[in-house]
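Position chain B against the provided structure of chain A, taking the given hints into account.
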Amino acid sequence: MNHEILANIWYFVLVLVWSIYLSQEMFVTGVGMLSLTFKVDDISFKKINESVGTFWDGIQVWLIVAIGGLFATFPKAYGLTLQALYIPIFLLLFSVIFRGTSIELIYKSDDSKWQKFVSKIWGISSFILIFIEGIYLINLIVGLPIKNQLMTENFLTIFSRASLLMGLLLVLSAISLGYTWIKLTLGRDFKIISKVSILWISGAAVFVVALIFLSLTNEYKLFEVGLFSTNKLLWIMPIASMILYILQFVFHLLEKYVLMFISIVLGLSLVLFSGFTASFPFILPSTISLNDGLLIVDAASSFHTLKIISGVSLVFLPIVIGYQLWKYISFGRRI
Amino acid sequence: MVEILSRIQFAFTVGFHFLFVPLSIGLIFLVCIYEYKYLKSKEVKYKHLSEFYGDMFVINYAFGIVTGITMSLQFGTNWSAYSIYMGDVFGAPLVFEAMIAFFLESTFTGLWIFKKNKMSNRLRFITVLLIFIGTNFSALWIITANGFMQNPVGYALAADGSRVLVENFKEIIFNPYAWYMLVHNNISAILLGSYFVLGIGAYRYLKIDKESQEAKTFELGFKPANILLVITSLLMPAVGFSYFNYIVPIQSTKIDAISGGSPFVTISFGLMVGLGTFFIFYSIYTLIFFKRFMNSPVMQKFYLWTFPLPYIAILAGWIVAEVGRQPYVVYGLMLTNDAVSNVPVMQVWFSLITIFVMYAILAVGCIYLIKKRITSPLVKEESL
Chain A
170 MNHEILANIW YFVLVLVWSI YLSQEMFVTG VGMLSLTFKV DDISFKKINE SVGTFWDGIQ
230 VWLIVAIGGL FATFPKAYGL TLQALYIPIF LLLFSVIFRG TSIELIYKSD DSKWQKFVSK
290 IWGISSFILI FIEGIYLINL IVGLPIKNQL MTENFLTIFS RASLLMGLLL VLSAISLGYT
350 WIKLTLGRDF KIISKVSILW ISGAAVFVVA LIFLSLTNEY KLFEVGLFST NKLLWIMPIA
410 SMILYILQFV FHLLEKYVLM FISIVLGLSL VLFSGFTASF PFILPSTISL NDGLLIVDAA
470 SSFHTLKIIS GVSLVFLPIV IGYQLWKYIS FGRRI
Chain B
348 MVEILSRIQF AFTVGFHFLF VPLSIGLIFL VCIYEYKYLK SKEVKYKHLS EFYGDMFVIN
408 YAFGIVTGIT MSLQFGTNWS AYSIYMGDVF GAPLVFEAMI AFFLESTFTG LWIFKKNKMS
468 NRLRFITVLL IFIGTNFSAL WIITANGFMQ NPVGYALAAD GSRVLVENFK EIIFNPYAWY
528 MLVHNNISAI LLGSYFVLGI GAYRYLKIDK ESQEAKTFEL GFKPANILLV ITSLLMPAVG
588 FSYFNYIVPI QSTKIDAISG GSPFVTISFG LMVGLGTFFI FYSIYTLIFF KRFMNSPVMQ
648 KFYLWTFPLP YIAILAGWIV AEVGRQPYVV YGLMLTNDAV SNVPVMQVWF SLITIFVMYA
708 ILAVGCIYLI KKRITSPLVK EESL
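As they're listed, the protein sequences go chains A and B. Just so we're aligned: the first sequence equals residues 170 to 504 in this note's numbering. Just so we're aligned: the second sequence equals residues 348 to 731 in this note's numbering.
Chain A on its own, in the form it takes in the complex (with noise of 0.2 angstroms):
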């Protein structure tokens, strides 16, 4: 093991942790935007909000993670990207603090006009949130206009349209992911909104992955230079992606709801492994040329503080796991 290995190794499990947070972010963020067009009362109301609020709180610090995972490992990476990314940074957060608080507090008022607020709230700051961190990482996949570290643009240059597409992307799977999460806690006859415009979502999900693959391809080329060129193995992940997207959609028409959690999860995490496979070895490429991105082994911490950072996250991040699946098995059954 040097210094190049475990720098690349930690890369990956940062996307690991992206993928183990969005995948349960999503049915949060899901019910939040679908809680926007419900007509239920509020008792079944109370029971969609309590069924994800009690798993949030953990849910968000894998966000916390995936950040100061990367400032720990990677900080010249962080400092690059989150001063070049300033202002979707700061809407990033503004959509945190909004949401997070929405969840603890909406019941800590019994005023009901104080809960229909909040839950608006909830609703709105959920699609802010999940599009911009859709925004956040494929910039950090196709890379930003920078030079000597800098950026040359302005920031207006990372709405481009293979990210509006992965904001789009993680929308849709999301609410996809938050109608499932009912059903599976609530009971199949929990009836929330029509069938035709959810399937139309699930549907629509399957054109967006395979536009964003095009667009990664042909405009910005990521498949034809780095690993994808010479292995041609890895293309089973994109592939699998896009038919694991295909097969949610399957199991929707069915309504083999655990199934379809499982195909949006694995599918959504596939997406993000192919894309960050893709720009390897730059951890932030550079839009302008290949030699002005920033790579992976330069933008890592020492080797001496890798060691450390790995042998922490071997103990801790199991331990954490454990004890998030044991609330999952003992409370997310259904009510």
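It should be emphasised that the hints constitute simulated quantities derived from the structure, not laboratory data. Every clue listed holds true.
Counterexamples of contact, computed for chain A against chain B with all Cβ distances above 12 angstroms: (1) Glu173; (2) Phe328; (3) Arg330; (4) Ala379; (5) Ile431; (6) Leu435; (7) Ser458.
Mimicking DSS-like on lysine-lysine, the simulated pairs with C-alpha atoms at most 27 angstroms apart in a straight line are: (8) Lys289(A) x Lys463(B); (9) Lys352(A) x Lys463(B); (10) Lys282(A) x Lys215(A); (11) Lys285(A) x Lys463(B); (12) Lys496(A) x Lys462(B); (13) Lys557(B) x Lys384(B); (14) Lys282(A) x Lys216(A); (15) Lys389(B) x Lys496(A); (16) Lys648(B) x Lys570(B); (17) Lys462(B) x Lys352(A); (18) Lys465(B) x Lys216(A); (19) Lys216(A) x Lys719(B); (20) Lys465(B) x Lys215(A); (21) Lys557(B) x Lys389(B); (22) Lys465(B) x Lys352(A); (23) Lys718(B) x Lys282(A); (24) Lys463(B) x Lys384(B); (25) Lys215(A) x Lys462(B); (26) Lys289(A) x Lys462(B); (27) Lys285(A) x Lys462(B); (28) Lys648(B) x Lys557(B); (29) Lys285(A) x Lys718(B); (30) Lys718(B) x Lys215(A); (31) Lys282(A) x Lys463(B); (32) Lys289(A) x Lys216(A); (33) Lys216(A) x Lys463(B); (34) Lys352(A) x Lys496(A); (35) Lys216(A) x Lys462(B); (36) Lys496(A) x Lys463(B).
Stretch by stretch, here's where chain A covers chain B in the computed footprint (C-beta under 8 angstroms, at least three residues): (37) 404 to 414; (38) 438 to 451; (39) 511 to 525.
Computed from a prediction, not measured in an experiment: that's the story for all the values here. Backbone N, C-alpha and C fix where the C-beta goes; we use that ideal spot for every residue, glycine too.
Relative to chain A, chain B alone:
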């Protein structure tokens, strides 16, 4: 300009965040005590106390967690030069805080908020105990990071001088500065929590029939809070004094600032010491004449109206620690001036103004909810 605005933004966001942190640490300790007494005695009054102050904890915690996220992003957005130069040392404690402490605290707080009525008494106690452990570990890691900024140890400069590297992580963790700070900080948090229990409890107690069950519950709750207040206010100067003596040889600029070099720091120091002295006398007086306190609306009102004082003392203490460190961001190693991001000043104006507005909304929401909770009965009917 970017530096000044970023400093204002950081000072404001960290100060606002720190209104919630010490109360979380202190209040959950009291909730643990009530929950333990409930577990042992099965006296339902303790359960009611734990849930009443547990609600306060949750409201407070919710604002603490979201304003804390601001901090972890700002190092990158506004202090990216700092992040790049210091990241090797500074990033690890932050991510350990999330992995070791924050996961524990938040996973079980979520459980407490939504499922406490569906748990056994033993699991209830374990849940609040784990939250308490989580909050304390959280403080440990954040203060480890801050301790390095005050008194850098266990590091080496990179060969090209471009960044600071970890040389001995053990030294960074066992930095005496951080441990003095941690003990000082956590005791002050419990002091604040006890004062809050008395002050906020008094608000409700003053309004209710003294023969009611609710009044009897509060009577049961005030005593442990008062005892804790006496213990912590006596411990504060003892710890503070040795902390001060430790700083004298290693942070001369801070000592100069305290002894008149910077009026802002001098006044803050005086305020902290003065308030600390007041807490000792008033808490002991209350404990000796506890019966009189229970029957005296004047004394109770005094706790109510003075409940911001521990907050002021704590913020004053942090002003001494952080402003006293200037002009260094990392003492002796890096100037604050060299730490800022290279961003257009308009963007910093944007974040500063929006944060002011956002936090104003949060403050209103927080006051509304606390007020709502203390004006409603101790025992809330659960609809689920």
